Amino acid sequence: MYQDEILTEVWRNRDAYAALHHHSLAEMVADLRARQHRRDCKLVDRRGGARPSEPARTSTAEA
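If you want this note's numbering, it's the 1-based position in the sequence shown plus 17.
In short, the hints are calculated from the structure, not lab data. Quick caveat, the model's predicted, so the values are computed rather than measured. Don't take every hint at face value.
[What the hints assert, rightly or not] Quick list of the computed label-pair ranges, beta carbon to beta carbon:
| hint | residue 1 | residue 2 | range |
| --- | --- | --- | --- |
| 1 | G65 | Q20 | 31 to 41 angstroms |
| 2 | A36 | R63 | 43 to 53 angstroms |
| 3 | E71 | M18 | 34 to 44 angstroms |
| 4 | P72 | L37 | 44 to 54 angstroms |
From the three backbone atoms N, C-alpha and C, an ideal C-beta is built for every residue, glycine too.
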């Protein structure tokens, strides 16, 4: 079976994070909420609409 390196790393990190919090969902949620309120933690707000994208550039060599 194919092993995806990225998924393997994500699962390893997920398992380590869960173990750090004794596999307790309540502890993990409390930690994540505390992280939200720290100033050094950058959050991305994806609730807003998507920004308009620029038109695709064409290569001048193709013309």
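Comparing the hints with the structure gives:
1. G65 with Q20: 31 to 41 angstroms: Since G65 and Q20 have Cβ atoms about 37 angstroms apart, the given range 31 to 41 angstroms holds.
2. A36 with R63: 43 to 53 angstroms: violated, 29 angstroms
3. E71 with M18: 34 to 44 angstroms: holds, 41 angstroms
4. P72 with L37: 44 to 54 angstroms: For P72 and L37 the Cβ distance comes to about 46 angstroms; the hint holds.
Of the numbered hints given earlier, the model fails hint 2 alone.
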